[in-house]
Structure formats: structure tokens, C-alpha cells
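Listed below are the residues making up each chain.
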Amino acid sequence: MELLVASAIGVLTASGVYLVLRGRSFPVVLGLALLSYAVNLFLFASGRLAVDLPPVIRAAGSYTDPLPQALVLTAIVISFGMTAVTVAMAVRSFLESGDDGVGAAGAADEEDAGRR
Amino acid sequence: MTHLAILPILLPAIVAALLALAGRRDLVLARTISLASAAVLLLVAIALVVGASDGMIRTYALGDWPAPFGIVLVVDRLAALMLTLTAGLALAVLLHCANGWDARGRHFHALFQFQLMGLNGAFLTGDFFNLFVFFEILLIASYGLMVHGGGAERVRAGLQYVVVNLVGSTLFLFAVGLLYGVTGTLNMADLALKVPAVPPADHGVLRSGALLLLFVFALKAALVPLHLWLPGTYANAPAPVAALFAVLTKVGAYAIVRLSTLAFGDAAGELAWLVTPWLMPAAMLTLTLGMFGVLAARRLAGMISFAVVGSVGTLLIAVALFTPQAIAAALYYLVQSTLAAGALFLVVDLVGERRPALGDLLAPGPRIAQAALLGSLFLVAAIAMTGLPPLAGFVGKLLILDATRDAFNRSWIWSLLLTTSLLAIVGFARAGSVLFWKGGESAQNAAVQPARAAVLPLIAIGLLLAANIAWTLGAGQVLGYLDAAAIQLFAPAGYIDAVLGAEGGNE
Chain U
2 MELLVASAIG
12 VLTASGVYLV
22 LRGRSFPVVL
32 GLALLSYAVN
42 LFLFASGRLA
52 VDLPPVIRAA
62 GSYTDPLPQA
72 LVLTAIVISF
82 GMTAVTVAMA
92 VRSFLESGDD
102 GVGAAGAADE
112 EDAGRR
Chain B
447 MTHLAILPIL
457 LPAIVAALLA
467 LAGRRDLVLA
477 RTISLASAAV
487 LLLVAIALVV
497 GASDGMIRTY
507 ALGDWPAPFG
517 IVLVVDRLAA
527 LMLTLTAGLA
537 LAVLLHCANG
547 WDARGRHFHA
557 LFQFQLMGLN
567 GAFLTGDFFN
577 LFVFFEILLI
587 ASYGLMVHGG
597 GAERVRAGLQ
607 YVVVNLVGST
617 LFLFAVGLLY
627 GVTGTLNMAD
637 LALKVPAVPP
647 ADHGVLRSGA
657 LLLLFVFALK
667 AALVPLHLWL
677 PGTYANAPAP
687 VAALFAVLTK
697 VGAYAIVRLS
707 TLAFGDAAGE
717 LAWLVTPWLM
727 PAAMLTLTLG
737 MFGVLAARRL
747 AGMISFAVVG
757 SVGTLLIAVA
767 LFTPQAIAAA
777 LYYLVQSTLA
787 AGALFLVVDL
797 VGERRPALGD
807 LLAPGPRIAQ
817 AALLGSLFLV
827 AAIAMTGLPP
837 LAGFVGKLLI
847 LDATRDAFNR
857 SWIWSLLLTT
867 SLLAIVGFAR
877 AGSVLFWKGG
887 ESAQNAAVQP
897 ARAAVLPLIA
907 IGLLLAANIA
917 WTLGAGQVLG
927 YLDAAAIQLF
937 APAGYIDAVL
947 GAEGGNE
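Chains U and B, in that order, give the protein sequences.
Sequential numbering from 2 applies to the first sequence in this note's numbering.
Sequential numbering from 447 applies to the second sequence in this note's numbering.
Derived by calculation from the structure, the hints in this document are not laboratory data.
Note that the structure is a prediction, hence the values are computed from the model and not measured.
You can trust all of the hints, since none of them are fake.
Among chain B residues calculated to face chain U with C-beta under 10 Å, some are: (1) A598; (2) R600; (3) L619; (4) Y626; (5) L632.
Here a beta-carbon is modelled for each residue, glycine too, at the ideal position from N, C-alpha and C.
Here chain B stands alone, though its shape is the one from the complex:
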């Protein structure tokens, strides 16, 4: 039990190295190892959730060096939840890719495991410099995954993605330097203690450091006007990889929540909630632009990318309120929108495979094989993504609307959320009818059969949708956990005691 917290980082790291060495020749072996690793990760993450649900924050001091001098991992309710989401999504994407995607380039599974290692590390770490290191790990793996399979357009989009993120990493380091220069620490818990004690003369530096960090996290989360990299990247990445990337934007959102509630919460005095004035308008713009993008998109992958941008906007509107109720609603929405976006990207892959001439272009073509089945999967995922009843997207948006009841800009948020939902519904309905209904008349017998029996991808999509439905059905219990997670976030003293207190360490 004591070493459970390090497993989500250690396991993929070891498996990735193993796969890079042993899995090069034997694809079946590589698939088996990779899938087994993802399954074990999911079990570990669930165990961590069960452990975290008692409200105790567990810490793991690497090498038994006490914080703030050593590196520390922290498992609270939020971190455990994010780990579970990542592992579940990863398992579904791997199942999908085992149908042949992983054979289109080398080292797919090794890169995938490194990506998981980076993601898990970013969720677990209790230190800003380590957060930077894990960001780099997940990014460098995502560069490889992004250009998996090759192609001029994809590599060009990949290069842009790399450059944007490297500039982001540079800014991250500047922010880290500023924070360290003023407070003398990078441990998140220690920072939370030091921030209120910073003399007012240094507030300017501290403020710019914190806002630079917000800028970097907003870049990862694809917040307008820093969203420009996302549609190009997601639409040009291999669709299953884009499905995994659905969780990448959530790392940014997670980091914003962590930074604001811990270090710049109520205790920070003058600097309390200094991100809110920036975050709220940016999130509202993001939502608007994303959903207009859904209407304007010409390809299915592009449309879903913009839907992801829009969902980030919805999520961060709730986050920017910074009340426990709103954060709980945001977390509920975060999980369901990630699952829905993942499922949609996997559907894109299947649709593209069946339309060799058109790919995922939103234009009527010959009737595709299994149109009814794929159409239904698309319908369910689209209902979840746009927030129609009865799925979790609706519950999530309802919770967010409810949480904004006392906000000063309530009427703005309400009208924006409802209007953009309508835009998204129109966009998705148009895409679905073009792809799955039209075109059958012209070429009834020209249906293109997929190259392989596509059972695994269907299982993968089914799993993601089933998880979404379970998220809806279990909303009551889930919300109990999420409310507790949000309350835990708003009581940073517990986090600080767990990391720095005498009872810390890995006993």
C-alpha cells in the first residue's frame, strides 16, 4: 500500500523501456504487454481512488527525503480521479489501436506508455519543477505519437505543435524562476505557506510569476486566444492519438485548479484568486469560439477538435467561479467530456477508414459499411458531448448552471452556455446526417468494407460510452466523491499538513 502512489509513474516507465527494447519485432507481444500495463494502471488508479475516498491525503516522499527538500508525490481525491480517467481512456484507446493502428509506425506502444507516465506524473507531483519535467515527458511522447504514421500535412502540423509547446515550456521555466526568486521554494505546499509572507514590494514579481504559470497552463488547456494550436494538431493527429490527447487539455485545467486553490486561495490575502479576472472572460470566449468552430468545421475531426475547445471553455467557466460547488460541477463535466471526446475521435477513425476517397470530410459520399451501428455510436457520443439529456453531458451542464446561480455574471453565463449548446447540437446533427444518412441513394452497392474485422475498435468505443452512461447513472455517488474532492481543494491546510507535517513521509 505504501508504494502504491509511485506505481502510476514507475510502471509505464519500466514497461515503455521494455517495449522499446523487446517489443520492436513482435507486435503481438508489444500489444499484450501494453494492454496489460494499462489494465494494471487502471486497477492501481481505482485502488488509489478507494484509498483517497476516506479523505486522507497520502504523500510519497521519493528516497524518503522529507519535503520541501525532497521530491514528493501527493494523492488526494482530485489526483486519484484524474489518474483513473487517464488509465481508463488509455485502455480504450489501446484496444482501438490494437486493430492495426500501432503497426503504421514504430515504437507506438513505447511512446504511448511514456505519455501515460508523463500524464500520471503531472497529476501526482507536488512540486512545480517536477510538474515541468512531467509536462516535458508527456509532450515529448506526444510529439512522437502525433506524427505516428507520417504524411506531409501531419508532420507539418506536428512541427507547429512542437514549436508552440516548446515556447510554452520556456515560459513555464521563466515562471518557475520568478516564483523561486521571490519565495525560495517550488514545493506546492511550501509555496502555499510562503506566498502570504511575501513582502508587498515583491508582489509584482510574484503576480507576474503566477500569471505566467496561468498563461502556460492555459496554453495546454487551449484557452482562447492560446487555442490556435489545438484544432490543427488534433485534426491532423491520428484519430486514436487525438482520442488520448482529449485528456491533455485537462492537464492544463487540472494545473490551473491546483495552483489557484492551493497557493493563491483565500490565504494569499491581496493576491487571492488573482487568476479569476483573466480566466473568466477567456473561458467565455473559448466556449463561444469553440462552438462556432463546430458549426464552421469542414472535417469531422476538426469539428470534434473545436468541440473539445468549447468543452474546455465550459469547464473553465465553472472553474473560474472558484466555489466548491462549481469545482465539483467542473470535475463532473471534465470526466464526461473527456470520455465523450475520446469516443468521438475513435468514431472518426472508423468513419475515415470506410471512406477511402473522402476520409472524414463532411461531404456526402457512398454509403459506408455498418452505417447504422457507427451512426448510433456517433449519436450517443454526440448527445454526451453536446449536453442533451439523458447523458452525463446534460447533468454536467445542469450542475454548472446551478453552480453559477450566485455569480455576478450569471445571466451572461447562462445565456452563453445555452446558446452555444444549441450551436453544438446543430453542428453535430448536420455532421451526423451528412455522414450517416445522405449519400446512400447514389451508390447503394459501393459500400466500402473495412480492411479488417473491426471488433476491437467497437469494443473500445462501447467501453467509453458505457463509462459515460455509468457516470450518468452513478451521478449521485460520484457527486458525493466530487463534492468531497472540491471541499478538500478549498481546505489547503490539509494538503500542506500532509506534505510538510511530521506525519508526512511514506509511512
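Next comes chain U alone, as it looks inside the complex:
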């Protein structure tokens, strides 16, 4: 299971970084979302991976660390709000300038030209 979680975090981060480096705002927003998924998984794993254990301290029996779960919940809420803000800013940037590039004006068109 460690391998599965670790590789999931790695793949998510790598894809996120790749998308964030794109020139258009839509992939960038997707990339940020993937990065936030990766970091949520990572935070969750920082309390060690455990199966079938409750996040409640019990006198008898073992338990899993509840704090990372609380941290992840907070991080999810914040990243959700931040994604909404980014989408709103990207849409407004597109409406005001007429192209959805993230870099300097016209950079997105050049990228298109390079792809053709």
C-alpha cells in the first residue's frame, strides 16, 4: 500500500507541475487542482498509513493519528476556495484581454504557433 500511495502522490505531483507550467490558464488551473490533491494525500500519509483503525484514542487497542485528517479537511476546504478564486480570475483575465494566456500578452499564441 505504501508503494501505491507514494506513486499516486508522485504521479499527481508530476502531472500537476507539468500542467502548471503550461501557457494557458485552463491547464494551469487543472494543474493546481492536481497539486492540491497530491498534497492532501501526502498530508494524510504523514500520520502513517493504517488500515481499519479509528482516529479516536481508545484505552484498549490501537488507533490512527487523527490530526492529519483534521489538517487534510482544512486543506481541502482552503484549496477548494482557492480553485474557485483562480477560475474566477482566469475567466476575468480571458474576458478582459481576449486570450487565456498566463504569461505576457501574446505568449499563448506563440505557443500555439510552435505546436503547429
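Given chain U's structure and the hints, the job is docking chain B onto it.
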């Protein structure tokens, strides 16, 4: 008195919600409430400074949950100082904006208060996850303020700013996860206790966590090579908002100081001062690049943005020495450079307003209205920013030079600081002469009058400069406080006892 520590967070939060609901229609009401809130914040912050100056570290446990399980706020000398700086700058910027800036978009005052809440929270919190949360609050408010007034260029720069900071926030969470995974705590005081006890096998993880945190704070502080977002953001943000942002980079510097002295100080053994080898060269590069940027800039706002980058470099050179004397000098310089940068950005706004065709482009244009007055204000602020005598910038740089006397790379620091100061002086002198002296010949009678009687902005700039002058005149007393603050930072046992000891809590 007991609940005073929570007020800098609670007051702007309540006022912001109130403004979002009640202040939408009535701008005058919104201005009054917002200004009153900033004034009260300043008083609270001064009260906290007075309280903190006796050397006792006061803690406030939210909901009376004891640390390290509950959330804790900590007021020491450094935190109280930063709160006062923020509140003072905010009051001046609000006065400036009451002249009409706040009418150019919606919810200006509500966003402004949320920004203050985030800033104050970041300075007060004693917990790394809370630091993350308050960073997010101040960032999300700054996104709104950054695009206040709209415009294609501004929104595009705003989008870049948002993306850069979101990547930074993600890295912050990774760092928090690493630290928690190794030490099992995120409370700063508790972390300071746990770090020396971490087995050597886990040092690699701990080290990467701490350096990731440094990376994030350096991003906020705009340290080279992570400075690329700053000039674009500050130059495209509304000038008064950029004036408030002058304190944003200092949050990063504050966090670096707090993290290094508390958790990775002398007590950390093998890991002690692990940020220094990275911080010192980066700070020196930052200073060089910032001041060259001052020379190269084509717009006044861009020039001041690069001056801010340069001042961060100066500040962090002193911080990277990690001696009490250097930290005290850094704090002295931090306050004065923030005040000077704030005043300069407000001057940019007034200049741009009077040159509708050129804005703040550094090119001769028709003679501007009140050129003598604005020119003098610019001169005073520029003297403070570049570090010429007799203002606080000079005293600050002198203190930093003095503090580096025993540093191994002393000759490098000295020559760099002095050369870059010269570059900055040349840059500012050129900008001032282009804007305020040249151009009068061609169109004597074409002076553009400002749209409104600009008394409030002048008062705001005057206040910031007066604060700078007071900082110079009171340097002796101020340094007494700052030295004590630095010594307090270098004795983390006091902080740890205050947070975790039996006498903690909010009695």
C-alpha cells in the same frame, strides 16, 4: 488585558464581515468604519508593544485548550512590533484610499480588513499550520485587492500572482507534512523541543522539511531567484495596494527569523542554522539584482518594486548572520524600509494621477501640478529608501554594516551594500529629476490638475514620512527595544516556557 492578544485578529474579521454586508451601498460609512478599525488596531498594537516591552512573553490559548493541543497565539516583542508596523501602514494607506480609490471597485474595505486579519494572524500565531491558514487568508484578500479597479494588464498580472502563490501554498503544506511526519507536532514551541530529539536517521526528512519551509518563506519575501513575481505584481497593482503589500514581503522575512531562531537555533545540534548557507548568498544576489533593477526600470512603480526587492536583500543579509546584534539591525531596517516603500508607492499614485497620458512612465512630460510639493515628498522618501543620511535608512544600513564586522564574508557584504546603495541613489535621482524637473519648459500651462482636492493622500504620505523621521530621532530608544527583542529571539527557552509551561494559558 487578557483578551488583548486576540483583538488584532478578531476585530478586522468582524469589521470585514460587517463591511461586506452593511458597507456595500454607503461608501462614507464603509470608510469611517474601516478607518476607525485601523485606528483601534494601531492602539491595540501599541498597547501590546507596551505590554511586551517588560520582556514577558504573553500567550493566548484559544478556547483555553492548552498547547500543544490547542491553538495558541504568542505576543513577544517581535510580534508586537510587526503588528504596530502593519496597523500604522494600513491606517496611512486607508487614508490615502479614502480619496476615491476605494470607489473604483467593490468591497475594497472588506478585503482590506481581511488582509489585515491575515497579516496580524501570521505575526501572532504559534503554530505552523495556523501560519499556513493565515497566509491563505492574507493571500486570498490580496488577490482581490490586487485586481481592484480592473484592467487587462492588471488582471493578467494578478493571475500570475495567484498561481505563483498557490504553488507556494502547496509547497508549504508539503513542508508541514514532512515536519509533522518526523516530529509529530506543528506547534512552534513544541517543535523546538522535538527537533533536537529527532533520531539522526530522520534528519534528512527534517532537513528537507525545514528547507522547503525556507523556500516558501523566501517566495513570500521575494528572495532571488524566487522574486520574479514581485515586480510584475507590485507595478501592476493599484499603487495604494502596492503600498500595503510593502509589508507582505516582511511576513516572509518574519517567518524566516521565527523558524530559524526558535526551532533550528543553537539547540538543534547538527541541524543548527541550516538555512544560513542558502540564505546568505540568496540575500546578496537579491540585493544586487534589486538595485540593478532600480537602474533599469522604465516605470516609477517598477523602480520602487525593485527597490523593495533590494531592501529585502539588505534585510536578509543581516538576518542570515543570525547574531542578536544583526537581527536588531535587520528589524530596525525592516520597519524603516517598509514605511519608506509605502510612502513611495503612495507618491507614485499621485504622480500617475497628474499625468493622465504618461502615468508613472519615467519620461519627461508636461509639468505636473504641485510638482514642488510632490517632489519634496519623493525626495524625503527616496532618501529614506536609498539610505542617505540623515534619515533612518542610513542609520539602518550603518547598523547592518556594524553588525557584519565579525562576519567571515565581511568585505563582500560591505562592498556590496555600499555599491548597491550608490546604484539606488543614481536610479532614484534620475527618476526624480525626470519626473519633477524636466518637461516644464515645453508646456508650462498644460499642468493637469488632479480630479479631487488631494489633502488626504498628502496627510497619508506625511504620516508615513513623519513615522520614518520619528524612527530616526528615536533611534536610541527604539534600538533598546529591538536589542531586547533580538535577545528574546535568541533565548527560545523563554518562548517555549511561555507556550508550554504551567504558567501558560490566558491567565
